[in-house]
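Enquirer: One-letter residues, chain by chain:
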Amino acid sequence: MTILTRLEQWKEQGKISPEQHSHLAGLSRGEPFSLFLELNVLLYAGVLAFVAGLGWTVSTWSQQIGDVLVLTVLSTILASSFWYCFSRAPAWSPAETPAPSPIFDYVLYLGSLIWSLELGYIENRFHVLSGQLNLYLLATAGLFFFLAYRFDNRFVLSLGLSSLAGWFGLTISHWSAHQDAAYRQYALLYCLLVGVGGAILQRGGLKPHFFGTYLNVVANVLFWAVLSGVFNRDEYGLWVLALLVACGASLTWGLARRQFAFVAYAAVYGYVGVSSLFLRGVNDETGVLTYFAVSGVAMLVVLVWIGRRFGRRA
Amino acid sequence: MRVYSASSDETLRARHLLTDWVGEGFLTKDQYQLLEKETVSELRTTNIYLRLVLFLFTLIIVGATAGLFYVVSRPSDQTAGVFFLIFAAVCYAAAEAAVSQARLYRYGIEEALAVCSVGFLCAGMQFALFSGNPYSPKPDAAQALVPAVGVAFSLWIWRRFGFSYAFLAAMIFVIFLPGYWTSSPSAQHLIVVGFYATGLAVVAAVRSRHRCDYLEEAYSLVEAFLWLGIYLAINLKLSSFDLPGQWWSGSRSASEFARPFYWGTWVLTWCLPPIVLARGLRQKDRFVIAAGAIVAILTFVSNKPYLGWPRHTWDPVLLGILLTSVAVFLRRWLARGPGGIRHGFTAARLSGKDKQWMNVGATVLGPLSPHSITPEPQTSSPDFRFGGGQTGGGGAGGDF
Chain H
1 MTILTRLEQW KEQGKISPEQ HSHLAGLSRG EPFSLFLELN VLLYAGVLAF
51 VAGLGWTVST WSQQIGDVLV LTVLSTILAS SFWYCFSRAP AWSPAETPAP
101 SPIFDYVLYL GSLIWSLELG YIENRFHVLS GQLNLYLLAT AGLFFFLAYR
151 FDNRFVLSLG LSSLAGWFGL TISHWSAHQD AAYRQYALLY CLLVGVGGAI
201 LQRGGLKPHF FGTYLNVVAN VLFWAVLSGV FNRDEYGLWV LALLVACGAS
251 LTWGLARRQF AFVAYAAVYG YVGVSSLFLR GVNDETGVLT YFAVSGVAML
301 VVLVWIGRRF GRRA
Chain S
1 MRVYSASSDE TLRARHLLTD WVGEGFLTKD QYQLLEKETV SELRTTNIYL
51 RLVLFLFTLI IVGATAGLFY VVSRPSDQTA GVFFLIFAAV CYAAAEAAVS
101 QARLYRYGIE EALAVCSVGF LCAGMQFALF SGNPYSPKPD AAQALVPAVG
151 VAFSLWIWRR FGFSYAFLAA MIFVIFLPGY WTSSPSAQHL IVVGFYATGL
201 AVVAAVRSRH RCDYLEEAYS LVEAFLWLGI YLAINLKLSS FDLPGQWWSG
251 SRSASEFARP FYWGTWVLTW CLPPIVLARG LRQKDRFVIA AGAIVAILTF
301 VSNKPYLGWP RHTWDPVLLG ILLTSVAVFL RRWLARGPGG IRHGFTAARL
351 SGKDKQWMNV GATVLGPLSP HSITPEPQTS SPDFRFGGGQ TGGGGAGGDF
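The listed protein sequences derive, respectively, from chains H and S.
In case it helps, our numbering puts the first sequence at residues 1 to 314.
In case it helps, our numbering puts the second sequence at residues 1 to 400.
Warning: the hint list may mix true and false statements.
[Said to hold, decoys possible] DSBU-like cross-link-like pairs, simulated, lysine-lysine; straight-line CA separation at most 30 Å:
no.: 1; chain 1: S; residue 1: 304; chain 2: S; residue 2: 29
no.: 2; chain 1: S; residue 1: 304; chain 2: S; residue 2: 37
no.: 3; chain 1: S; residue 1: 29; chain 2: S; residue 2: 353
no.: 4; chain 1: S; residue 1: 37; chain 2: H; residue 2: 11
no.: 5; chain 1: S; residue 1: 284; chain 2: S; residue 2: 355
no.: 6; chain 1: H; residue 1: 11; chain 2: S; residue 2: 353
no.: 7; chain 1: H; residue 1: 15; chain 2: S; residue 2: 304
no.: 8; chain 1: S; residue 1: 353; chain 2: S; residue 2: 284
no.: 9; chain 1: S; residue 1: 29; chain 2: H; residue 2: 11
no.: 10; chain 1: S; residue 1: 355; chain 2: H; residue 2: 15
no.: 11; chain 1: S; residue 1: 37; chain 2: H; residue 2: 15
no.: 12; chain 1: H; residue 1: 15; chain 2: S; residue 2: 29
no.: 13; chain 1: H; residue 1: 11; chain 2: S; residue 2: 284
no.: 14; chain 1: S; residue 1: 37; chain 2: S; residue 2: 355
no.: 15; chain 1: H; residue 1: 11; chain 2: S; residue 2: 304
Just so you know, these hints were derived from the structure itself, not from any lab.
Construct all of the structure, not just a fragment, from the sequences and the given hints.
Expert: Right under this line is the structure:
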């Protein structure tokens, strides 16, 4: 029985009104057909391509076109973007607020990216902060958090979180350096700050719908940091304990809130960490493969049980 | 032929639509609770996260078990091939059993088993039949049997279980076929296009019978894959292996193709996007519209390398302005129609899924640094260089 037949039946049985029937039947047939998602993707891709091209042009030709022209162009775009946002934004509300216009979020995102571009350019050309790029990142993170909360924008919130991570020295390229222990500590501090900050803001009713973004970022950074400790040759015991605690917390949170991404994090990161422990120093191929076969079955059984108990499509 | 009955699929589809509609306020909570009881399915489903994790662990189990057999018995290539063929049969039987006995539906386990059965079948045939063959630069038509079987079995999995990515796998196997039949690059491209075009004709004919039913979305996705495949096979600048070098230097590799063929494909790269977009819009088909938009952008992006013109650093700026202008114009044009609707299209959001996708996209793509998608500066003087920064973020990397 197709959905159209079902709707017809439900209307005849009085379970839905004739108006609801005509509306829902229309939606099922694609009448009207919404291009909402496609237009948003086009806008996002357009902004990203524009800023990427601008950055590429500036970094390649700045000597030829001169600092004044570069800064004038960047400042004009920046000022126009922020003027547009501040002039059109509705009064601030701590609750989720819809954007005042369909392009609003993307204009703000454009302004934020241009801000990064311009600040990076100024610092690299004039060394205003005497090479203290960390300060620039901290200021940028602060600005992005302000803009995200003022205009209720997840794009800019994600930029803010990544800038803050940059300030904490979390750039991925640095993981290959020798100061792993220091970076792990910074990562944990970052998780603590972001996690506690996000929780306080949520409890205070300030854009509580952002909390999911905070938690996902914190969970992933935390697991990466802890796993890197587990992979250590020495002094990994504490990190193993931390991994087990993190997995337990993630699993509990995921099941309690029915946010199964956290169940998946616990399963995958936990499995990787525990497997690295069991297989440490094991060179026997048979032993390794037996481990994967047996542990895989065990994980599958547990996950199927979780799926049957909790995990219907969410 | 399908392992799931039409009524089961329709019931699940109705259930998902009800969830979406109540989320958007088109139905009241009471109505939802009443109607939900009529859409109870006997199939066992799960959410996307557990599905992915179950898929992963099933792959680990199957891979480790096969590896264990291999390591313990250390067979010859032919014997290993037979082992793999047996594994293929076992995996397929297990996938069938997971559906018929445990009633799993998009649960990850049966999907991984079906995927493994395709992989084992191809590996088994390769080892069992062709492992002793010395390498020869000449195409050997007999060896085409392996990808041909890969195509056929992937299509079977797609029809039987409805996994769209199995169709994509079949399309990928098709790419390997012409190499066994001819060494001419032009002929290889044409053969691939021929296969995809035939598939497209069949799908277009079949899907007209499935408007508004549970198969509509599956056929829509498959048609979009085929359009994309045809375009990628036609666009010589995208299906070339030396892509970065050619793009950067702007030089054409027309030498390996006859001039009429090369320029014929260039004309086609401009003809195909409007055709795909027009079909998508006429059918109101989301995936085909997306395929049309993607091939249109790819045409703009690959045009200069095609013509042998040098690329400029400001090309992405122009592309960005074009994309944004098209989006803003379309949105405004649609919004000015009666009730925000023109020709059956609207820019308004009608489904909760769209908002969900937007939120996930904003979280994942928000921190994407534009600098990460642009090449390194083309020219640099020794006394002036951006770089030396120690940290990155907020859209600008440390080496900006």
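Enquirer: Next step is simple, just say for each hint if it's right about the structure.
Expert: Checked hints:
1. Between residue 304 of chain S and residue 29 of chain S the CA atoms are separated by roughly 55 Å; this puts the pair beyond 30 Å, and the hint is violated.
2. Using a Cα cut-off of 30 Å, the hinted pair residue 304 of chain S and residue 37 of chain S is violated, with the two alpha carbons roughly 58 Å apart.
3. With a C-alpha separation of about 18 Å, the suggested pairing of residue 29 of chain S with residue 353 of chain S holds against the 30 Å cut-off.
4. Using a Cα cut-off of 30 Å, the hinted pair residue 37 of chain S and residue 11 of chain H holds, with the two alpha carbons roughly 16 Å apart.
5. Among the hinted pairs, residue 284 of chain S with residue 355 of chain S is consistent with the structure: their alpha-carbon atoms are about 20 Å apart, no more than 30 Å.
6. Between residue 11 of chain H and residue 353 of chain S the CA atoms are separated by roughly 25 Å; this keeps the pair inside 30 Å, and the hint holds.
7. A distance of roughly 59 Å separates the Cα atoms of residue 15 of chain H and residue 304 of chain S; the hinted pair therefore is violated under the 30 Å criterion.
8. For the hint pairing residue 353 of chain S with residue 284 of chain S, the CA-to-CA distance comes to about 17 Å; that is within 30 Å, so the pair holds.
9. Between residue 29 of chain S and residue 11 of chain H, the direct Cα distance comes to roughly 17 Å. Compliance with the 30 Å bound is thereby established for this hinted pair.
10. About 27 Å separates the Cα atoms of residue 355 of chain S and residue 15 of chain H, which keeps this hinted pair within 30 Å; it holds.
11. At roughly 12 Å between alpha-carbon atoms, residue 37 of chain S and residue 15 of chain H fall within 30 Å of each other, so this suggested pair holds.
12. In summary, the hint linking residue 15 of chain H to residue 29 of chain S is supported, as the alpha carbons are separated by about 12 Å, within the 30 Å threshold.
13. Only pairs whose Cα atoms come within 30 Å are accepted, and residue 11 of chain H paired with residue 284 of chain S is accepted, the gap being roughly 26 Å.
14. Straight-line distance between C-alpha atoms of residue 37 of chain S and residue 355 of chain S comes to about 26 Å, which keeps the hinted pair within the 30 Å bound.
15. Our distance criterion of 30 Å between C-alpha atoms is broken by residue 11 of chain H and residue 304 of chain S, whose separation comes to about 57 Å.
In this structure, the hints that do not hold are numbers 1, 2, 7 and 15, in rising order.
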